[in-house]
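**Student:** If you want the building blocks of each chain, they are given just below.
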Amino acid sequence: MPLLQVNDLRTYFHTRNGVVRAVDGVSFNIQKGETLGIVGESGSGKSVTCYSLMGLIPKPPGRIESGQALFDDVDLLHCRDSQLLKIRGKRISMVFQDPMTSLNPYMRIQDQLAEPLLIHEQLERKEAVHRAIRALEEVGVPDAARRIRSYPHEFSGGMRQRVMIAMALITKPELLIADEPTTALDVTVQAQILELIKKMQHELGTAVILISHDLGVVAGFCQRVLVMYAGRIVECAPTERLYYHPKHPYNRALQKSIPALQPKGADLYTIPGLPPDLSKPITGCAFVPRCEFAREICKSPVELTDVEPGHATACLRIQKGELELER
Amino acid sequence: MSEAAPIPITSDLLAEAEQGASLWKDAWLRLRRNRLAVFGGIVIIIMTLFCLIGPWASPYSYEQQDLGLYASAPGARHWFGTDKLGRDQLTRIMYGGRISLSVGICATLVSLTIGVLYGAIGGYVGGKLDIAMMRIVDILYALPFTIFVILLMVFTRELASQFNLGAEWTLYVMFGAIGAVEWLTMARIVRGQVQSLRKQEFIEAAHALGLRKRRIILRHMIPNVLGPVAVYTTLTIPAVMLLEAFLSFLGLGVQPPLSSWGTLIKDGAELMEEFPWLLMFPAAFFSLTLFSLNFLGDGLRDALDVRASKD
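These protein sequence lines map, in sequence, to chains U and H. Counting from 5, one number per residue, gives the positions in the first sequence under the working numbering. Counting from 373, one number per residue, gives the positions in the second sequence under the working numbering.
Please note that the accuracy of each hint is not assured.
[Said to hold, decoys possible] To give a feel for the contact side, a few chain H residues facing chain U, derived at Cβ under 8 Å: (1) GLN572; (2) PHE574; (3) HIS579; (4) LEU583.
Hints were generated in silico from the structure; no laboratory data involved. Where is the CB? At the ideal position from N, CA and C, for every residue including glycine.
Can you make the complete structure from the sequences, with help from the hints?
**Tutor:** Here's what the structure looks like:
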């Protein structure tokens, strides 16, 4: 049984400009201890998917229209608040994108770190602070016993992200959702933070969902990757297969647009056109207007289907065997 | 990856850490370095003690008349002179200060309570309720407030005289009336703060940690709003005192034989040409207090703004 099973999740935003289908029928699962990557461009629904699972979608304007997210037989999308409070922050926790703004500027690091322990494990304050110091040491903050007394503004960006990771992992959760945890950091710190998440995952056996728009980060980190486009999953495969044997034309186009893989001096490859307007209903494949392989058939509804064991794609022509893509 | 060996956690290490500076202590240190603010704070403390304890030390009461003296100039027996009814000016300034300061504090508390609650509810709940609440504030803003307070005071004075209520009744009404007109800005400040806080990632992070709403409001929202509220409060007190003085100057505020600095200034202004000390002394006390409160408020604003001063 997977740790988390998401079925047909649809999160819509009812805005003045119409209904924005930010997440439109997403299904996936993650096993215990697995590392799953979610990639896609801005606005493809990666973050909204995870925010929906955590119950962090602002309602209104957001609404979860349908779907199920089974975590240990509890449906995260429809359970009572009291149940969600027990899971959130204890068994599933989250690291946010911008460490500069994810810590309360008016609270000491120790109080913020100890907070999950105080509310979820009912520890004594002193005991919680001890644990917090140990957690801070584990994420590589030097002189933790002293620095834990500081306020967030006294920490650098990388250090704050370490604090966030320590805070997320202090209750030893079964699932960690990392929403672009390295986007706001510079490259050297990025590598350290990813190493750290990997190390902590190894020690605690935590499953990790890593959201990123950086294909390189995901390639080096995840066992399995989902590619999202316009609120849907277009491809899902083990990392290596996804990168070396792309099935969906969108995935292939993504791989082709990695600058480092292109010959020096050549014009950079870009995908023509823009992502579709999510406030208009889309039937069939959302990538049709930008796809060089699109045919009339692509406008009919399509499901994410396995074309090889463990490798699923949402391209009808691939599913029918009409199309063979080379990287 | 840091490979530093973990530091053993000893109890004296913790004890040493326990003494680290808190945020308020940090602010206090910064405030102490601001000379104007320190000056303001000291003046306010002295002024408060002077008004509270002074009357006991004074051989005169505020209503005791010595008509033979008429308005005598400052001298050895009456340091600040006497008014035209022969009452000791120094004692009257002490009593007047009590009333002026308590109007300042009480009316500010009234406005603080209404403003913070109103603003926090509007900002936190949001949506249509927030829109409705803020339009009400806008409408109230558009009313000429002095006229509103004057009407209220005239009306309650009529009521008080009909039901034979004491003079201190006008005082209570004044607390309420001034407080009721001063809360608007506070409500706007708090609402704006809460609204921007609600969208901050650390509030989202707190939700993600599984915190309950009440804990989020108490532990994460309120401390973040407290700074601006504290600053605005210290700046409201002088504004309120000024409003009270203005009302008393018009003869609508504190009623004789009670006196506030406002009524003393009014009485003094009438006799300004013959007996300038009757205006000079209360006016000096009043302006000194207002200056000090404003200095303290400004200093507090600089001291409490952690992000501006350290990031």
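**Student:** Does each hint fit the structure? Answer for all of them.
**Tutor:** Hint check results:
1. Taking 8 Å as the C-beta cut-off, the interface hint given for GLN572 of chain H holds, the closest approach to chain U being about 6 Å.
2. For PHE574 of chain H, the interface hint holds, the least distance from its beta-carbon to any beta-carbon of chain U being 5 Å, beneath 8 Å.
3. The criterion of a C-beta within 8 Å of any C-beta in chain U is met by HIS579 of chain H, whose closest approach is roughly 6 Å, and the hint holds.
4. The beta carbon of LEU583 of chain H is positioned within 8 Å of a beta carbon in chain U (closest approach about 6 Å), and the interface hint is therefore held.
Checked against the numbered hints given earlier, this structure breaks none of them.
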